[in-house]
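Engineer: Residue-level listing of the chains:
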Amino acid sequence: MATTSPRSRAGGKLAGGKLAGGKLGLDPRVVRRARGLAARAGQPVVDLARSHTTVSVERAVLRLAGVTGADSDGIPWVNRLLDAVRADVGLGHGVAVPVFHALRREGLDDVTVLAQKAAAGAVRFAVPQQKAEVTAARRAAARATRRGLALIDRRRTERERLIRRYGDPAQRPWIYLIVATGDIHEDIPQAQAAARAGADVIAVIRSTGQSLLDYVPEGATREGFAGTYATQENFRLMRAALDEVSKELGRYVRLTNYASGLCMPEIATLAGLQRLDMMLNDSMYGILFRDINPIRTFVDQRFSRQIHARAGIIINTGEDNYLTTADAVEAAHTVTVSQLLNEFFAHEAGLADWQLGLGHAFEINPDLPDSFRLELAHALLARELFPDAPLKWMPPTKHMTGDVFRGNLLDGFFNLAGVLTGQGILLVGMMTEAVVTPWLSDRDIALQNVRYVLNGAGNLHEDFLPGPFIRGRANQVLTEAVDLLERIVDDGLLNAIADGTFGIMKRPADRGKGLDGVARQADDYYNPVTEAL
Amino acid sequence: MATTSPRSRAGGKLAGGKLAGGKLGLDPRVVRRARGLAARAGQPVVDLARSHTTVSVERAVLRLAGVTGADSDGIPWVNRLLDAVRADVGLGHGVAVPVFHALRREGLDDVTVLAQKAAAGAVRFAVPQQKAEVTAARRAAARATRRGLALIDRRRTERERLIRRYGDPAQRPWIYLIVATGDIHEDIPQAQAAARAGADVIAVIRSTGQSLLDYVPEGATREGFAGTYATQENFRLMRAALDEVSKELGRYVRLTNYASGLCMPEIATLAGLQRLDMMLNDSMYGILFRDINPIRTFVDQRFSRQIHARAGIIINTGEDNYLTTADAVEAAHTVTVSQLLNEFFAHEAGLADWQLGLGHAFEINPDLPDSFRLELAHALLARELFPDAPLKWMPPTKHMTGDVFRGNLLDGFFNLAGVLTGQGILLVGMMTEAVVTPWLSDRDIALQNVRYVLNGAGNLHEDFLPGPFIRGRANQVLTEAVDLLERIVDDGLLNAIADGTFGIMKRPADRGKGLDGVARQADDYYNPVTEAL
Amino acid sequence: MIIRPYGDTTGDGMVQLSFTLPIPHDKRAEGAALQLAGNMGMDPAMVVHARQMGDGYTFFVVYGRVHHLVDTDKVQVMERDFPLLSAKEINEVIKRRLRRRLTVVGACIGTDAHTVGIDAILNVKGIAGEKGLEYYRELSVTNMGAQVSVPDLVETARAQKADAVLVSQVVTQRDAHLLNTRAMSAAFREAMPAGQRPLLIVGGPRFDELMAAELGVDRIFGRGTTPREVASYLVHALITAKEPAA
Amino acid sequence: MIIRPYGDTTGDGMVQLSFTLPIPHDKRAEGAALQLAGNMGMDPAMVVHARQMGDGYTFFVVYGRVHHLVDTDKVQVMERDFPLLSAKEINEVIKRRLRRRLTVVGACIGTDAHTVGIDAILNVKGIAGEKGLEYYRELSVTNMGAQVSVPDLVETARAQKADAVLVSQVVTQRDAHLLNTRAMSAAFREAMPAGQRPLLIVGGPRFDELMAAELGVDRIFGRGTTPREVASYLVHALITAKEPAA
Ligand code: B12
Ligand code: B12
Ligand SMILES: Cc1ncc(COP(=O)(O)O)c(C=O)c1O
Ligand SMILES: Cc1ncc(COP(=O)(O)O)c(C=O)c1O
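Protein chains in written order, with our numbering: chain S, 1 to 533; chain E, 1 to 533; chain F, 1 to 246; chain L, 1 to 246.
None of these hints come from the bench; they were simulated from the model.
Since no wrong hints were added, every one of them can be taken at face value.
One-sided and incomplete, this derived list gives chain L residues near chain S with beta-carbon spacing under 8 Å:
#, residue
1, Tyr-6
2, Gly-7
3, Asp-8
4, Thr-9
5, Met-14
6, Gln-16
7, Val-48
8, His-49
9, Arg-51
10, Val-61
11, Tyr-63
Here are the in silico distance ranges between beta carbons for each label pair:
#, chain 1, residue 1, chain 2, residue 2, range
12, L, Glu-214, S, Gly-250, 45 to 53 Å
13, L, Arg-189, E, Gln-476, 51 to 59 Å
14, E, Ala-170, F, Leu-84, 31 to 39 Å
15, S, Trp-354, F, Arg-197, 52 to 60 Å
16, F, Glu-214, S, Gly-121, 46 to 54 Å
Below, computed lysine-lysine pairings styled on DSS-like, alpha-carbon distance capped at 25 Å:
#, chain 1, residue 1, chain 2, residue 2
17, E, Lys-506, L, Lys-125
18, L, Lys-27, F, Lys-74
19, S, Lys-398, F, Lys-131
20, L, Lys-131, E, Lys-506
21, F, Lys-131, S, Lys-506
22, E, Lys-398, L, Lys-131
Note that CB positions come from ideal geometry on N, CA and C, so glycine has one too.
Can you build the whole structure from these sequences, using the hints too?
Structural biologist: Shown next, in the form of structure tokens:
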């Protein structure tokens with residue numbers, strides 16, 4: 001396939017902004033200042049996250065401790081157990097101690113059995129009084145969760161082994177394709193077909209409703225709307241199917257899902273347990289686009305990123321979404337600010353640069369004069385601000401219409417912008433964006449498009465030297481980002497979010513879904529997982 | 001409309017290779033050498049053209065002298081008159097003297113009436129013996145043809161006035177669209193619609209058969225195949241229709257047709273008389289792609305270019321065609337050689353650089369690695385070799401398939417290559433190239449495509465600085481062109497053509513259609529038109 | 001008037017068609033594609049492109065002539081059966097005839113989180129150069145946002161004494177928009193007697209505007225709706241149409 | 001086997017359609033577009049794009065489900081009813097069975113000047129990695145080029161004692177290819193008695209391979225034909241099919 005031309009491989013790197021100074025001539029002091037401000041703006045939120053816990057964080061702990069399965073109504077045992085614990089002692093101490101104290105008291109060794117008893121109302125939970133009991137419970141919890149983490153570690157080495165065996169994609173950007181039938185059994189053949197047709201990364205998007213569910217559905221599912229439910233079993237089935245094609249193709253095909261919504265920490269955990277390779281995981285997406293409570297999100301956020309760090313999963317952030325509700329030119333600097341914040345939160349949670357698929361998108365109104373050059377300015381700015389991050393480049397969506405012929409053209413220029421600015425992960429755009437979730441043929445046409453551009457113009461970055469217009473625009477956006485960061489440092493990030501700074505969505509800290517699932521950590525709060533991470 | 005952004009206007013110029021040295025760093029000595037060789041290769045053919053005449057050259061003289069109309073079978077009176085003259089005295093002396101001698105002798109003052117009598121066999125022609133008679137005949141002929149040329153001059157000033165009034169297109173490249181219904185009355189509304197949708201130049205392509213007709217059909221026609229007959233009346237009707245829209249749009253919309261085939265000189269004349277603005281007029285197209293005799297073509301060629309020079313018509317050459325039969329990479333240098341020859345012949349015939357729409361095309365196999373960058377190398381080479389010529393940039397045709405979605409994408413990259421390399425005239429490609437002659441909707445989709453690219457990326461040439469790959473390729477093609485020219489200088493152009501040097505079409509000088517219409521000029525050959533030009 | 005599709009000559013009837021068949025590519029597959037085109041009334045039909053995808057599917061592009069005639073007089077459309085008023089006129093009619101502000105509750109129901117459409121109609125910002133309903137002095141607007149459950153919507157409508165409820169549905173996969181709309185209208189019918197029920201309006205890019213009755217709502221607005229159209233309709237349906245001006 | 005078009009789920013029947021109607025764009029025009037889609041069997045059909053061109057035409061893109069079933073067993077195609085031989089085999093059969101070289105005359109007739117197609121079949125260069133007929137030792141090929149008049153073709157065929165005449169037609173506007181082919185076959189029928197008439201073969205990208213009889217020729221080759229297919233057919237039609245090997 002075209003995209004395996006060694007030149008374009010080199011290309012990807014070359015355009016990776018590695019060139020001393022880069023093509024935009026950004027002022028290193030301004031860049032340093034921007035990072036400094038992002039850290040100051042983010043720190044209070046990190047403190048918030050460190051001092052709170054959520055139902056989903058605690059359920060993630062239980063999952064790592066070995067609680068599996070669901071009751072006859074499909075409610076996972078982790079939910080039943082957590083609810084019981086919470087009813088008796090609240091969340092503030094963390095679930096680990098009460099649960100493992102009860103486990104010993106009940107003389108059980110299987111936490112799932114404990115969950116079942118608890119659900120039947122047959123167990124009472126308490127925070128032990130004697131120091132010894134506490135220590136014992138903590139030890140037991142740590143031992144159990146260590147087993148869970150060990151499994152995640154095994155999956156990570158497994159991935160590393162498979163990549164050594166089958167190899168990474170030959171070219172940058174990696175080609176990222178979405179499947180979205182709603183039925184895991186339709187998704188699988190489509191995902192395999194997509195991989196054979198050249199996809200390096202497969203994302204199974206989720207059913208519209210899932211992000212607001214406060215539990216993770218169980219088993220293989222076939223009834224999603226505009227997406228398929230994220231379940232441990234669906235993860236397993238799809239990963240196995242892709243391992244099969246990886247072998248067949250001699251190229252490790254990555255799997256992506258969404259650590260997002262009310263169950264972010266648990267889904268991150270399941271992703272680690274089933275060797276998913278990338279997860280959509282943004283610090284603000286849930287707040288802005290799912291109306292989830294900001295504090296809930298930031299707490300879940302931090303835990304899930306700690307898991308991703310441990311699991312060697314690449315995260316994808318969601319700045320692209322802002323440009324669907326806000327204007328891509330006016331709001332360009334908000335993307336930069338969000339990327340800097342996502343970077344700060346990610347580093348703080350232990351993620352390395354190679355794990356940061358920071359998002360941005362080709363969403364400028366195509367009728368705007370010089371629209372394409374503005375896209376280049378924005379994309380290159382991100383590239384040079386984050387030279388070591390595998391940036392995620394998102395296709396046009398907002399300005400796509402039912403004119404599918406024009407749509408394929410715009411996607412071609414999106415692909416070109418991707419190679420000109422050395423993006424790391426290219427989410428393949430579909431000509432039917434404004435019409436339907438992708439058809440099989442849409443994906444094939446889109447991949448031909450990508451292949452043509454990568455093969456025919458993949459090295460054009462060698463001939464691309466931004467002039468005053470592009471350089472000027474990039475520096476302007478950076479300046480605006482710095483100004484905005486200064487304001488955020490003054491007002492506080494939560495207030496900025498409440499004021500509609502990002503995506504024009506106003507989300508006050510005391511509103512939104514899932515707030516009731518948040519609790520301040522008590523002094524004796526204990527979480528064996530965060531301790532270990 | 002987007003394309004009127006002043007920046008892209010500047011752009012066109014800027015990329016016009018005016019930058020000292022240009023972007024390719026071509027060696028001026030090599031360029032000079034190439035031109036010198038082209039002159040040496042072309043001169044023998046010019047001498048051939050100067051020493052011969054053809055039936056069509058002589059008929060063009062008669063048209064300028066005022067012979068109009070056709071007999072009841074639609075055979076133009078110029079043909080009937082010429083045949084009569086030729087039967088009596090041959091072609092070698094030129095028709096002017098015998099005809100005007102007879103006119104005086106018959107006591108007529110209308111040459112068309114003379115033609116009618118001659119057709120009825122009522123007139124005999126001779127070359128007068130007395131010097132006085134000759135002089136008288138020559139004077140009369142000169143007087144008559146001067147009136148014809150005066151009309152062409154008036155049309156030219158008329159054009160200049162209209163351009164001053166309505167203005168030229170705001171941007172480069174000019175947008176060139178084809179109509180091809182075969183029916184002038186369907187062509188007209190489609191041409192007007194196209195102009196309103198943004199076309200700067202309208203070309204009415206001809207019916208497949210016309211190039212081999214040894215006469216020019218008369219009147220308005222409705223029955224062409226894959227094109228519409230070129231007739232004086234069709235020219236008049238379409239020019240009038242476009243004058244109407246030019247007024248409406250405040251932009252002078254140019255009209256193009258084909259001075260090609262066996263009647264090249266006459267059609268050039270009719271174009272001048274009806275104020276056409278551009279004519280397809282290549283020195284070798286007829287030879288290669290219509291199997292017309294080489295000598296016939298070169299003689300007709302020179303005369304028609306002299307007329308175009310006088311009429312202020314921009315010619316379009318046909319190098320693009322070679323790449324439909326030969327491979328665009330292997331044969332790249334033959335395009336350059338042909339452009340240099342066309343330039344030499346054009347200058348020799350009196351055309352100025354601004355009248356040279358030298359052709360080339362985006363015909364490289366899109367599956368070839370770096371295909372797009374190779375296109376840029378070739379297009380920029382032409383741009384920098386001919387900085388003052390309004391190059392004609394032709395769209396992909398050969399590698400277009402029934403996959404119309406892919407087709408629209410390729411056309412988008414063709415448009416991009418056009419703006420990156422500062423082409424002067426952009427022939428708009430159609431996604432249905434491999435399927436049908438353009439539909440109304442194809443043209444609209446194609447124009448949207450052009451508008452998007454010109455508007456969004458029209459100034460990208462400011463950020464385009466060819467690297468070693470593109471520079472290397474351009475210089476390689478130039479070197480190969482020089483080598484080929486050296487061989488042509490040695491073997492002679494006619495032999496080169498016979499050997500299939502251009503478009504892999506082998507065309508010996510003693511074969512092909514229309515040879516019988518060629519005659520060596522006698523010592524007393526007289527042509528009042530060439531004298532005046 | 002009787003018309004036909006137009007390629008490049010009046011009456012030529014030419015159209016372009018593309019689709020995938022779940023079979024590998026070979027001559028028979030192209031024949032199958034032509035059979036489908038034939039069933040659709042294309043004759044002659046040309047398969048101009050065929051490309052196998054994976055091992056069991058083939059994509060086709062077909063060009064050809066259809067012989068169907070289109071009778072523009074028989075066209076069924078939801079014509080705008082009410083006058084398009086200016087913001088000023090709308091405020092006046094409400095003020096003069098209703099003598100109180102007209103109350104509107106809007107939401108994007110079910111699990112659909114696409115608010116841009118409903119916001120374009122409701123928020124001051126508006127769309128296509130027109131300000132949204134919030135901008136109208138005489139309209140009192142509550143925008144509940146996205147992912148609103150039907151019970152919450154009914155409750156809010158009752159609490160606000162809504163004259164009209166505006167619902168947006170953008171996700172259409174598996175007919176989500178139809179299912180949600182039916183659930184919504186049913187809930188209102190159940191919760192309130194015919195008299196007190198607010199005017200029910202749904203909108204979204206993929207609705208068939210003729211389906212209102214079928215879905216149990218009063219009106220459907222589709223692709224490219226503008227706030228003024230909606231406001232004009234509200235005034236028409238709730239005021240002018242009810243009791244014609246004295 | 002009964003199949004349906006496939007969008008993203010087996011049996012969903014989804015297709016994409018585009019066309020122009022000679023009317024300006026408004027709601028009625030979209031209704032007219034839906035009427036046409038309906039006549040073609042699309043239900044539901046969605047107009048997802050409509051754009052007016054000039055003042056009297058509108059372009060539409062429509063997506064929707066067709067209910068037609070495709071029966072792959074009822075498919076009519078021109079199956080290859082002869083064995084595909086290697087160049088070696090072909091030369092041998094001719095040598096052994098015909099005992100003289102097989103004579104072929106090729107041309108692109110009428111005013112059609114597209115020679116790439118016929119050259120791809122005849123010239124040594126060939127296409128798709130296959131050498132053209134000139135490359136076959138036992139074939140004697142005359143390529144008359146383009147714009148050949150029918151009388152000249154008949155003359156040359158007679159003079160060369162052609163076993164087969166190969167004609168190319170690429171331009172199809174106003175059915176030029178059909179008119180020229182009919183004229184050609186008629187001329188041969190007139191000029192030669194059934195017995196002596198050469199095998200008549202036409203080819204081009206837009207022919208319907210099933211029309212041979214109708215056009216009075218022996219065989220039609222379409223899009224993507226390769227020289228070996230043609231050579232194999234010649235041997236089949238002129239030798240093996242005639243007198244089965246002893
Ligand atoms: C923006 C967008 C998003 C944003 C939404 C942000 C937000 N807060 O709204 C984000 C990024 C969050 C998003 C997410 C998703 N999206 Co989305 N999204 C789009 C996109 C690009 C544009 C939609 C839009 O804003 N249009 C602009 C508005 C102004 O137009 P409109 O909605 O048609 O509204 C007009 C009219 O319809 C009418 N109208 C609309 N509502 C109403 C209501 C009333 C009362 C009235 C009177 C009129 C009216 O008036 C409006 C103004 O003219 C479309 C693709 C496209 N280009 O259309 C996909 C699209 C709608 N999304 C899609 C999908 C599948 C999703 C996801 C479910 C994917 C996933 N599984 O993760 C998610 C989840 C969202 C969810 N739970 O619902 C699909 C839907 C497919 C289908 N037909 O079912 C689309 C078509 C993309 C695709 N091809 O896959 N999306
Ligand atoms: C190359 C080309 C030209 C070249 C031709 C050079 C030459 N010496 O052949 C030039 C530039 C001269 C040209 C000119 C014109 N062209 Co042209 N041209 C094309 C183009 C781009 C490619 C055709 C081609 O070479 N295909 C490659 C060959 C290998 O494929 P093929 O012809 O299909 O042949 C294969 C099969 O069909 C089969 N086959 C073909 N013939 C035969 C014969 C036999 C016996 C057999 C067994 C098999 C066989 O086997 C071949 C190998 O697989 C097409 C567009 C396109 N992309 O298809 C337009 C196209 C064919 N041209 C077109 C037109 C209109 C013209 C002009 C008439 C335009 C004008 N008015 O000036 C002129 C005039 C030409 C004339 N008088 O006929 C139209 C035809 C529209 C229609 N359907 O009627 C097309 C489709 C472009 C368009 N959309 O407008 N053209
Ligand atoms: C960063 C991010 N997270 C999550 C999602 C999907 O969200 P959910 O499945 O939670 O609706 C998206 C959707 O595009 C996204 O961009
Ligand atoms: C330079 C040139 N001359 C003439 C023609 C058309 O030729 P004719 O109308 O003589 O067949 C073409 C066709 O593209 C051309 O490129």
